[in-house]
Amino acid sequence: GQQLNQSPQSMFIQEGEDVSMNCTSSSIFNTWLWYKQDPGEGPVLLIALYKAGELTSNGRLTAQFGITRKDSFLNISASIPSDVGIYFCAGQLGWGAQKLVFGQGTRLTINP
Amino acid sequence: GAVVSQHPSWVICKSGTSVKIECRSLDFQATTMFWYRQFPKQSLMLMATSNEGSKATYEQGVEKDKFLINHASLTLSTLTVTSAHPEDSSFYICSARGDSPSNQPQHFGDGTRLSIL
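If you're matching them up, the sequences are chains A and B in order.
The numbers in our numbering rise by one with no breaks, and the one at position 62 of the first sequence is 62.
The numbers in our numbering rise by one with no breaks, and the one at position 49 of the second sequence is 1049.
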């Protein structure tokens, strides 16, 4: 089945640093989604991308839908302590009741 | 918008009992709901997809008689873990999606921590 390769698996950074993570796939997706999950909670949608080449921002977060439709990245600028958590990318093949394919997650730890 | 509520958030019960978890879309009509299972430090594993008024579609390896899913209305889906055993202990998360642009991506509930003694 489809798989998403998400990297890095973990990051240890200083507060204020910028963060970059990405997902790649051997399959083409029509939608890319980025979620953040805090311990003991469900994932929260951060950014949704629907068009190849699309660059979308949400506050300090910026994500792009790769031109080939096989990759996406998420950048976080000027990290703060509340950015700590696990970030998941997810790809969706099409519209309608299509299930998501998730990456393995990137665990972000921030040293104050 | 696109708020999904899951209940209970935590349940502990004895082996052999059945446990029901509810997933509600609070401010939109969820045409499709999904149930996931997540083990510690791992990604989400899709268990089944359910559409309102029809039978759920289970992923390969998921026992449909063990994990009963009901999606009786456009705002409520339930997952019942029947005759639960310790190996069923896990974090179960539901998600829901609607048809409008704001709720088309899957939005997740806060999860249910299930512990079987």
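It is worth saying that the hints were derived from the structure and are not from the lab.
Even glycine gets a Cβ: it sits at the ideal position worked out from N, Cα and C.
It is possible that some hints are incorrect.
What the hints assert, rightly or not - Some chain A residues near chain B, calculated using beta-carbon distances under 7 Å:
no.: 1; residue: P8
no.: 2; residue: L33
no.: 3; residue: P39
no.: 4; residue: G42
Claimed, not checked - Some residues of chain B that are not near chain A, with every Cβ distance over 10 Å (derived):
no.: 5; residue: L1068
no.: 6; residue: S1090
no.: 7; residue: G1111
Cross-check of the supplied hints:
1. At about 15 Å, the closest approach between the beta carbon of P8(A) and any beta carbon in chain B exceeds 7 Å, and the interface hint on this residue is violated.
2. Checking L33(A) against chain B by beta carbon gives a least distance of about 6 Å; that is within 7 Å, so the hint holds.
3. Against a cut-off of 7 Å between C-beta atoms, the interface hint on P39(A) is violated, since the closest Cβ of chain B lies about 10 Å away.
4. Taking 7 Å as the C-beta contact cut-off toward chain B, the hint placing G42(A) at the interface holds, the least distance being around 4 Å.
5. Distance check for L1068(B) against chain A: the nearest CB is about 19 Å away, which clears 10 Å, and the non-interface claim stands.
6. Against the 10 Å criterion, S1090(B) stays outside the reach of chain A, whose nearest CB is about 13 Å from its own CB.
7. With a minimum CB-CB distance of about 5 Å to chain A, G1111(B) fails to clear the 10 Å threshold, and the non-interface call is violated.
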